[in-house]
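Residue numbers (my numbering), protein chains in the order written: chain A, -5 to 604; chain B, -5 to 604.
Please note: incorrect hints may appear among the correct ones.
Copies of the same chain look alike in the list, so a pair counts if it works inside one copy or between any two.
No farther apart than 27 angstroms at their CA atoms in a straight line, the calculated lysine-lysine pairs in the DSS-like style are these [claimed, not checked]:
#1 K420 / K317
#2 K341 / K534
#3 K487 / K109
#4 K494 / K420
#5 K420 / K341
Simulated from the structure, these hints should not be mistaken for laboratory data. Note that this is a predicted model, so its numbers are computed, not measured.
There are 2 protein chains.
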Amino acid sequence: MREYSIIKTLHKPPTKFINPLHLLMKIAIAQLNPTIGDIPGNAQKILDAAQKAVADGARLLLTPELSLCGYPPRDLLLNPSFVEAMNISLGELACYLPSNLAVLVGTATENLQAKITGGKPLFNSMALLENGKVQQIFHKRLLPTYDVFDERRYFEPGLQANYFTLDNLDIGVTICEDLWNDEEFWGKRTYATNPIADLAIIGVDLIVNLSASPYSVSKQRFREEILKHSAVRFQQPMIYANQVGGNDDLIFDGNSFAMNRQGEIMCRANAFDADLVVLEFDEEQRDFLLSSIVAASETEDEEIWQALVLGVRDYARKCRFSKVVLGLSGGIDSALVAAIALSALGKENVFAVLMPSPYSSDHSVIDALALGENLGIKTQILPIGELMQGFDNTLVELFAGTEFGLAEENIQSRIRGNLLMAIANKFGYLLLSTGNKSEMAVGYCTLYGDMNGGLAVIADVPKTRVYSLCRWLNSHSLSSTLHSRIPENILNKAPSAELKPGQVDQDSLPPYDELDDILQRLIHNHQSAAQIVAAGHDAKVVDRVIQMVARAEFKRRQAPPGLKITDRAFGTGWRMPIASNWVTVKNAYQTDPSASLKRWDGQDADVKIK
Amino acid sequence: MREYSIIKTLHKPPTKFINPLHLLMKIAIAQLNPTIGDIPGNAQKILDAAQKAVADGARLLLTPELSLCGYPPRDLLLNPSFVEAMNISLGELACYLPSNLAVLVGTATENLQAKITGGKPLFNSMALLENGKVQQIFHKRLLPTYDVFDERRYFEPGLQANYFTLDNLDIGVTICEDLWNDEEFWGKRTYATNPIADLAIIGVDLIVNLSASPYSVSKQRFREEILKHSAVRFQQPMIYANQVGGNDDLIFDGNSFAMNRQGEIMCRANAFDADLVVLEFDEEQRDFLLSSIVAASETEDEEIWQALVLGVRDYARKCRFSKVVLGLSGGIDSALVAAIALSALGKENVFAVLMPSPYSSDHSVIDALALGENLGIKTQILPIGELMQGFDNTLVELFAGTEFGLAEENIQSRIRGNLLMAIANKFGYLLLSTGNKSEMAVGYCTLYGDMNGGLAVIADVPKTRVYSLCRWLNSHSLSSTLHSRIPENILNKAPSAELKPGQVDQDSLPPYDELDDILQRLIHNHQSAAQIVAAGHDAKVVDRVIQMVARAEFKRRQAPPGLKITDRAFGTGWRMPIASNWVTVKNAYQTDPSASLKRWDGQDADVKIK
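In isolation and in its complexed conformation, chain A is listed as follows (with noise of 0.2 angstroms):
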């Protein structure tokens, strides 16, 4: 223990504040952006929180989740050195902490009975900071583990309601998932236990959550209509601290927000940006008086604009890059990225590069460009023709009496990918990578060539929604950072990847909103053939698309993070086997009853049991 221990001095008892007037408690929400196991960091902007509610007349602040740490730590878990940092972290910060502040820190705390009873060795937990001591530790009971959550694999659910009495209030506590489990609003159960539920029975006068709840598409109307629908079933005013920023593949949206018995929202702090926000709690009332509510965002396409921005600055950031280099096509993806990135880290920190072969057209180099110069961004013209003969000349003699075909097409990727990955190493640049959802998909895509990147970052963004998002954002005027728009030529012409000539997306793939709705259903509804098919498409497409998907596993495998934005990407939450054989056999089922089983006496079995 000794080794990590910073504190100098013994800590001296502050005197506990009283405030004699108990009618209002003012709350404070401090919507934090944690750097994953960054724990003095992470303590500090708590700390710095702290100061400032305090100066607001703050009596209680809440933290995300896991706020100590940063949400989520993944196998840093595993290390019992950090575990044990975080618990020394959390006992300095309860004498640091200002002495008439209630503090709730997310942390993970040892299960010391885990050995004996069995058990997962740590919990989820929340401490409650005051007075210079951690006074108590709560457990998340519902731990999720579906999509990128893996909570199981690390903590063990609490099993008690959790709630402690601050002046004259008793407040319920919860963390994330916990709130997640209304059986009347989802119409079945995703665990047996609901907290909420339990806290309403023994009569808390509100609920507060600790949450470290990633963004996806409308997910935060959808936060909102589940807790009012428990607000209202439960008549518990509910407050809501959600963390922010990007980690990996994860962008965290804040929008923390707290809400009435009515299900009214009393106030809400900042999307996609860190916020210290305070609202008052009528004691009388047992409810909240109306503070600051920051409207929502008004579209879709902005609302994924402004989590795309923050997960590429954050990311650079967070990987200790301030700048970023991207190929441009003169096609829409990197045109996308290239304006993502532009508002993300400011056009002195994105460096563009063209690498136009013999197939590229006219017109993309032209319209390249002219999206440079829109966006203000430095461009570099490196043509790969010389490269392409290079290769050809050293694969002449092997490759003699072949046809020029995908090895070909894959190698002119490959020397794009080759070349920025030189001037991301030589210069010290993150490179951004700008394939689209609809190509990880099927596999569209070059591994080690277009795939190259530290950060793929429209990577769970259907072709389909990269023209939408183009549009919005040339009909908007955005912040200074970004002035200029997304040439109209680019919008306008075929989808190519101009690696023969006259080559356009849809010779290989079918039309992209029909790939992305039968993609849609696939990926994210589980639909089978049978039922996407009766949704009205083609078969033989169909099926054509759903071997695309499986032959395309081994390259996402090995694709960079992906910023997720669906609830369902091809990230950290997407496990497939490579090596297997369902698709053959969900067709064979369906086209071929002579591929199903021969019967127990057939002797010609192609695979024999030793």
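Starting from the known structure of chain A, arrange chain B on it as the hints suggest.
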């Protein structure tokens, strides 16, 4: 349901076969090698095994955990049509199986109560098929959710002890992890219950276990120790039926066995190969008779070699590749991978490419060619000097005034990666990557360069183990597919990436025996820097290694699947954040007390809350 139905005729109930003498029951273990998701193919394997088992007089046949879909099916389980297909296939299998044989089949089944009581929608189950019907379904009770295992993501645990009666015997049934919670053996509990203890209280005659337990070094010895402890403690004869085969990063080693009540091995099936073994249970003695016992591997090196050969063979076969390509550098890593590939696929299916640069030593080409000749594989030399010059020319303006460095080194590696992928794409070969675990740990490898490949064969093999595997290989005469050896010069020269003149690995890294020991403590034992230093390592070296491991996370995230041979591999069971700051924090705590918390009234906080 209808769309998958392949039952063409109504099932006729078979006549039950009654064995007049119940003194001996023959039990067969089908150690199967399923393809993930290939439900009809896997069902066919069960049928074939059943036919042989009946021919050998067996009354009961065991198959591995989830034998119908293969383990691990991962997110295929999220598709309702996948679970439905298994359900239909199970019913068909029951119809087609010989009626005088009881068969235990592993399958996923629906948790019909989930929506009402809460809980995951599936169980990891075992079905007892007999007399044309699914007679009983049992659910796995202990669900591993650690390392590569994600069972809580999909499954709800079963709550009951499971057994069935067959003729005169009460047979306790367990699935994999159900056997792994003997608190006496471990000195702690991992789960609250021990299914073996429950079955012992019920008083079954024997316990069977359907497993899908992936290989790691010496794991079989460990499994036999655990089961021995439980067999003796609870006086239960036990059968352990394991899956075999490679599925992406995981290699299942088979090694199914039976143990009597004294904890003695009475039967052991093949390691690393499919098998069907039949053993006899003496009902009066309530124990097994001695049956065939396949000898255990003699050394860890032999065992790892067999694992890697199986891993390569199965990944290629299950991804439908017959041939592989790899780069031969003249170094020891690619030499080992070439030898493994040869043993897995035959010399006619391995194509090795030498890609010397002006920095390559003469001996690298000579050594690589000697290796190719020893192994009898086809080699091709593709010098890359001209392509390096091409990249220099292309980047000359942009890189003007900079020194030769990492960027230029990586360009070479990526030229090679591009050439290898071009060959793989052109001819439909699987590219094998050749990086070892020590390199992958510290990032001494080039993303999109030498890391390229569909499978990273030795990504979980530390460099020191690479040497011992090669020495073992050279000291053994193997099967006829591998007559020859790795040239001594490859074994004896100093390891070098040869990306600049005179470079050797030890310019950048500590000696490999030192590095591998630090990595073992850090990665496998979760030791802190202080603990590693206390074990005798230099503090600066330890800090540097820890920093390198953390910084290489972005590379590992984009690595191909690597065959897992240890209890902690950089694959599906390694879940680390990239944009994190834990390493810095840890070092700051140790060496720089000024990096600790500022007091809450400090005005110099560098990150302000809005």
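Now the hints, each set against the structure:
no., hint, verdict
1, K420 / K317, "within (12 angstroms within a copy, 36 angstroms between copies)"
2, K341 / K534, "neither (46 angstroms within a copy, 39 angstroms between copies)"
3, K487 / K109, "neither (63 angstroms within a copy, 49 angstroms between copies)"
4, K494 / K420, "between (30 angstroms within a copy, 16 angstroms between copies)"
5, K420 / K341, "within (20 angstroms within a copy, 41 angstroms between copies)"
In this structure, the earlier hints numbered 2, 3 are contradicted, and the remaining ones agree with it.
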